[in-house]
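**Q** The chain contents come next:
Number of protein chains: 2
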Amino acid sequence: MTITVHHLNNSRSQRILWLLEELGAEYEISHYQRDATTNLAPPELGKVHPLGKSPVIEDGGRMIGESAAILQYLCERHGGADWLSAHDSEDYPGFLEWMHYGEGSFMTPVLIKIYLGTVGEAAAPVLERNEASLKKHVQFMEDSLSDDLHFVGSDWTAADVLMSFPAEVAIMQGHGENCPKLARFVEAVHARPAWQRSREKGGAYFIW
Amino acid sequence: MTITVHHLNNSRSQRILWLLEELGAEYEISHYQRDATTNLAPPELGKVHPLGKSPVIEDGGRMIGESAAILQYLCERHGGADWLSAHDSEDYPGFLEWMHYGEGSFMTPVLIKIYLGTVGEAAAPVLERNEASLKKHVQFMEDSLSDDLHFVGSDWTAADVLMSFPAEVAIMQGHGENCPKLARFVEAVHARPAWQRSREKGGAYFIW
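Sequence lines, in order, name chains A and B. Each residue of the first sequence is one higher than the one before, counting from 0 in numbering that gives the first Met the number 0. Each residue of the second sequence is one higher than the one before, counting from 0 in numbering that gives the first Met the number 0.
The hints are simulated quantities; they were obtained by calculation from the structure and are not laboratory data. Where hints are given, some of them may not hold.
[To be verified] A few chain A positions that, by computed beta-carbon distances, are all more than 10 Å from chain B:
#1 8
#2 9
#3 24
#4 25
#5 32
#6 42
#7 99
#8 103
#9 148
#10 173
#11 176
#12 186
#13 191
#14 200
[As the list claims (entries may be wrong)] Calculated pairs, SDA-like style, for lysine to any residue (alpha carbon to alpha carbon, straight line, at most 25 Å):
#15 46/A / 1/A
#16 112/A / 40/B
#17 112/B / 200/B
#18 135/A / 90/B
#19 112/B / 1/A
#20 52/A / 47/B
#21 112/A / 36/B
#22 46/B / 46/A
#23 112/A / 200/B
#24 112/A / 86/B
#25 52/B / 132/A
#26 135/A / 57/B
#27 52/B / 174/A
#28 112/A / 44/B
#29 112/B / 27/A
#30 52/A / 200/B
#31 200/B / 182/B
[Said to hold, decoys possible] Derived CB-CB ranges, DEER-like:
#32 186/A / 195/B: 44 to 54 Å
#33 37/A / 119/B: 48 to 58 Å
#34 206/A / 45/B: 26 to 36 Å
#35 119/A / 80/B: 30 to 40 Å
#36 124/A / 49/B: 44 to 54 Å
#37 124/B / 45/A: 32 to 42 Å
#38 29/A / 130/B: 23 to 33 Å
#39 32/A / 147/B: 38 to 48 Å
#40 41/B / 142/A: 21 to 31 Å
Each residue gets a CB set at the ideal place from its N, CA and C atoms; glycine is no exception.
Taking the hints into account, I'd like the entire structure generated from these sequences.
**A** Below is the structure:
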């Protein structure tokens with residue numbers, strides 16, 4: 000049965016398309032466009048999931064949300080076992096950490112920055128504290144990437160797919176110069192033929 | 000080998016102690032206290048993990064961060080297989096979602112609220128929008144809890160352990176009256192002898 004991806008342009012769901020292309024899975028995209036003025040997700044997404052979020056996938060009549068949960072599920076159920084660290088491997092604890100870090104830790108200061116950014120001058124001191132936290136996170140990612148540009152082990156895993164979005168955010172926020180590994184990681188992601196196919200099908204994706 | 004939990008009072012690490020008590024695992028607690036004025040984690044946590052966060056556990060010389068990653072790891076490596084949904088079960092996709100939802104989705108508006116709350120009047124319009132989002136999340140949790148008070152399946156799982164903190168936050172923010180299942184879920188968590196032992200060992204925990 001074909002998988003449906005409820006895909007919002009310029010969003011965290013790009014990496015779901017990327018993984019599906021890597022797996023050679025059959026899928027179709029249901030497209031949603033951000034509001035041109037507010038940049039918010041359109042209300043139609045609220046019909047797909049009570050929280051109106053993207054990505055959500057539909058597989059066999061079941062809806063699944065949360066980016067990392069979707070990646071894990073797709074690898075397990077759609078032929079991506081080699082994109083997961085083996086449970087008894089040395090790499091496994093790190094794999095689990097990165098699968099949770101991307102959304103559970105890194106995205107918090109990123110989203111706080113967006114919210115505080117709309118407030119104006121009064122938020123400056125808090126923004127500064129948040130910026131320091133964000134910088135610490137970016138440095139943590141840079142320091143954690145291996146020389147061959149993987150977050151876990153020596154080959155591509157779902158953790159790299161999940162972490163592609165945080166890395167892209169870091170680059171878009173100007174950290175590329177101080178974080179050469181992160182910059183090269185993002186280039187390596189975008190050089191994957193599967194990523195390029197996903198970009199073509201997904202539509203507008205930030206500066207790329 | 001004994002597990003060490005780097006535990007911050009009044010924090011998300013309480014549930015790690017709870018699970019360890021449920022598993023009957025051997026562990027010791029390294030205690031950290033929030034600053035009485037700023038409520039921030041103490042700088043000593045920065046010596047444990049580059050991001051200065053809690054919880055972090057240490058097992059066999061290896062540090063592991065991210066609450067849900069820790070819970071998953073402990074269940075797999077320390078005798079908690081029956082706290083996980085089987086990979087081929089009907090429940091499994093939902094289990095994955097909740098394991099990622101707690102930190103990856105719910106905590107975002109909670110933390111935005113804390114940051115915006117320090118800004119004053121200028122943040123009121125954004126705070127209002129954030130509050131609406133938070134309310135939607137709380138209702139989503141209430142609607143998702145089963146009548147026998149579990150997030151997945153018909154028995155306790157690591158997803159309930161992970162979700163205990165979001166549920167407690169919802170209650171502390173006054174949603175208990177409109178969310179009777181969430182209120183009863185939190186009561187059921189706190190009635191577990193293992194939770195009570197973890198509370199005794201962990202120290203101060205909000206209003207409980």
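**Q** A separate judgement is required for each hint: does it hold in the structure or not?
**A** Hints, one by one, checked against the model:
Distance to chain B confirms residue 8/A as a non-interface residue, since its nearest Cβ pair spans about 20 Å, more than 10 Å. With a least CB separation of 18 Å from chain B, residue 9/A remains clear of the 10 Å interface cut-off, as annotated. For residue 24/A, the shortest C-beta to C-beta distance to chain B comes to about 16 Å, beyond the 10 Å cut-off, and the non-interface label holds. The claim that residue 25/A is not at the interface with chain B holds, since no C-beta of that chain comes within 10 Å of its own (minimum 18 Å).
At roughly 20 Å from the closest C-beta of chain B, the C-beta of residue 32/A stays outside 10 Å, upholding its exclusion from the interface. At roughly 13 Å, the least C-beta separation between residue 42/A and chain B is larger than 10 Å, which holds for a residue marked as non-interface. With a cut of 10 Å on Cβ distances, residue 99/A falls inside the contact zone with chain B, its closest approach being about 4 Å. A cut-off of 10 Å between C-beta atoms contradicts the statement that residue 103/A is not in contact with chain B; the least separation is 3 Å.
Here residue 148/A stays apart from chain B, with its beta-carbon at least about 19 Å from theirs, past the 10 Å limit. With a minimum CB-CB distance of about 21 Å to chain B, residue 173/A clears the 10 Å threshold, and the non-interface call stands. In this structure residue 176/A is separated from chain B by more than 10 Å, as the shortest Cβ-Cβ distance comes to about 21 Å. With a minimum CB-CB distance of about 25 Å to chain B, residue 186/A clears the 10 Å threshold, and the non-interface call stands.
At roughly 24 Å, the least C-beta separation between residue 191/A and chain B is larger than 10 Å, which holds for a residue marked as non-interface. The non-interface label for residue 200/A is consistent with chain B: the shortest C-beta to C-beta separation is roughly 24 Å, beyond 10 Å. The suggested pairing of residue 46/A with residue 1/A holds, with an alpha-carbon distance near 20 Å, which does not exceed 25 Å. Straight-line distance between C-alpha atoms of residue 112/A and residue 40/B comes to about 21 Å, which keeps the hinted pair within the 25 Å bound.
A hinted pair counts as satisfied when its Cα atoms are at most 25 Å apart, and residue 112/B with residue 200/B does not qualify at roughly 30 Å. A distance of roughly 37 Å separates the Cα atoms of residue 135/A and residue 90/B; the hinted pair therefore is violated under the 25 Å criterion. Note on residue 112/B and residue 1/A: the hinted pairing is violated, with a Cα-Cα distance of about 39 Å set against a maximum of 25 Å. For the given pair, residue 52/A sits about 35 Å from residue 47/B by alpha-carbon distance, which is inconsistent with the 25 Å threshold.
Taken as a hint, the residue 112/A and residue 36/B pair is honoured in the structure, with Cα atoms around 24 Å apart against an allowance of 25 Å. For the given pair, residue 46/B sits about 46 Å from residue 46/A by alpha-carbon distance, which is inconsistent with the 25 Å threshold. For the given pair, residue 112/A sits about 36 Å from residue 200/B by alpha-carbon distance, which is inconsistent with the 25 Å threshold. About 37 Å separates the Cα atoms of residue 112/A and residue 86/B, which puts this hinted pair outside 25 Å; it is violated.
With a C-alpha separation of about 11 Å, the suggested pairing of residue 52/B with residue 132/A holds against the 25 Å cut-off. Annotation: proposed proximity of residue 135/A to residue 57/B holds, straight-line Cα distance about 22 Å (limit 25 Å). This hinted pair checks out: residue 52/B and residue 174/A have alpha carbons roughly 22 Å apart, not beyond 25 Å. For a cut-off of 25 Å, the pair hint linking residue 112/A to residue 44/B stands: about 24 Å separates their Cα positions.
As the CA atoms of residue 112/B and residue 27/A are separated by approximately 37 Å, the hinted pair breaks the 25 Å bound. Taken as a hint, the residue 52/A and residue 200/B pair is broken in the structure, with Cα atoms around 39 Å apart against an allowance of 25 Å. Between residue 200/B and residue 182/B the alpha-carbon distance is near 24 Å, which keeps this suggested pair within the 25 Å criterion. Residue 186/A and residue 195/B have their C-beta atoms about 52 Å apart, which keeps the hinted 44 to 54 Å range intact.
With their beta carbons about 24 Å apart, residue 37/A and residue 119/B fall outside the hinted range of 48 to 58 Å. Hint check: residue 206/A to residue 45/B, Cβ distance near 33 Å, so the stated range 26 to 36 Å holds. Checked against the hint of 30 to 40 Å, the C-beta distance between residue 119/A and residue 80/B comes to roughly 52 Å, which is inconsistent with it. Checked against the hint of 44 to 54 Å, the pair residue 124/A and residue 49/B fails, with Cβ atoms roughly 24 Å apart.
Under the hint 32 to 42 Å, the C-beta atoms of residue 124/B and residue 45/A, about 21 Å apart, miss the expected range. Remark: the range hint 23 to 33 Å for residue 29/A to residue 130/B is upheld by a beta-carbon distance near 30 Å. With their beta carbons about 41 Å apart, residue 32/A and residue 147/B fall inside the hinted range of 38 to 48 Å. The hinted window of 21 to 31 Å between residue 41/B and residue 142/A holds, with their beta carbons roughly 22 Å apart.
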